[in-house]
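Mapping the sequence shown onto my numbering, position 11 (from 1) lands on 11, and the numbers just tick up by one.
There could be a bad hint or two in this list.
[Unchecked claim] Quick list of in silico lysine-lysine cross-link-like pairs, DSSO-like style, CA-CA up to 30 Å:
1) 78 - 148
2) 78 - 93
3) 218 - 86
4) 141 - 47
5) 52 - 218
6) 232 - 86
7) 148 - 269
8) 93 - 52
9) 28 - 52
10) 142 - 52
11) 230 - 86
12) 170 - 93
13) 73 - 142
14) 218 - 28
15) 52 - 73
16) 28 - 78
17) 78 - 269
18) 93 - 141
19) 167 - 148
20) 170 - 148
21) 232 - 73
22) 47 - 233
23) 141 - 28
24) 47 - 166
[Unchecked claim] The calculated label-pair distances, taken between Cβ atoms and stated as ranges, are:
25) 197 - 245: 40 to 48 Å
26) 117 - 230: 21 to 29 Å
27) 109 - 234: 20 to 28 Å
Since the hints were made in silico from the structure, they are not lab data.
Note that the structure is predicted; figures quoted are calculated from it, not measured.
Just so you know, even glycine gets a beta-carbon here, dropped at the ideal spot from N, CA and C.
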Amino acid sequence: MSAHYDLGNEFFETWLDSKMMYSCAIFKNNDSSLEEASTLKIDRICKKLNLKESDHLLEIGTGWGGFAIYAAKNYGCKVTTTTISKEQHQMAKLRVDEEGLSSRINLLLEDYRDLSGQFDKIVSIEMIEAVGYQFYSDYFKKCSSLLKSDGLMVLQAITIADQQYKKSIKSVDFIQKYIFPGGCLPSVSCMTEVMTAHTDLRVTNIEDIGPHYALTLKEWRDSLYENIEKIKKMGYSDTFIRMWHYYLCYCEGAFIERAIGDVQMILMKPENRNKPYLNFEK
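Using the sequences and the hints given, assemble the complete structure.
As structure tokens, this is what we get:
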């Protein structure tokens, strides 16, 4: 995973939105900008978490700090966020310091498996794809152990259809070979079965936002090409740029055809008594 994200912060900064969210956005309508869609996605997750100022939120997978900054700034909560990417950690620290949020956001360069303590809420946005199917039980057991007895977790994951899951874990596609070595897409049933077998986490809500990913990828692709000369000046080769263009097109097509999906799942511990989140709530 770190090999992918350590390609260089400047490369990703060139074509992602200002929050540098490298995950599916949610477009309110066809006129929404990527910036608006990215913000809507983040805020929707915050609402699903029922974030409060008194909460201590754990984020597994910092990215470049966009979610942590938004949550701390707009909901007043304390955030502990962890990544294993040195490049992302360095940039996230700069961004947190620039926002004056270092007292509210604790940035860790640490494997989630080594974390300790308990948190009110957990969020993990498109990180499970890097875990590996052999370790799903360890992942969910760790998340469950880090949550308080009345805690909530929101997990956003790129998924493959249940019917294709067993076949997919035995094969290697373009993305696994060239973009995300070791990456693996879970299915919804796979995740729920593992949770049921190994934890006391309960799934209370699942929302498929997959169609929005095709739109997100198109925005990224357009932005990549708008900034192609800038990217070349960074030292990236034509071959590298063509590979990334193909990667973005490949994924866009997969989401258009619903070959893969993207879900947001709300998971709760047994003592949680929050009012259930409804998908039509904004």
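*asked:* Could you work out which of the previously given hints the structure breaks and list their numbers from low to high?
replied: 5, 12, 19, 20, 21, 22, 23, 24 and 26
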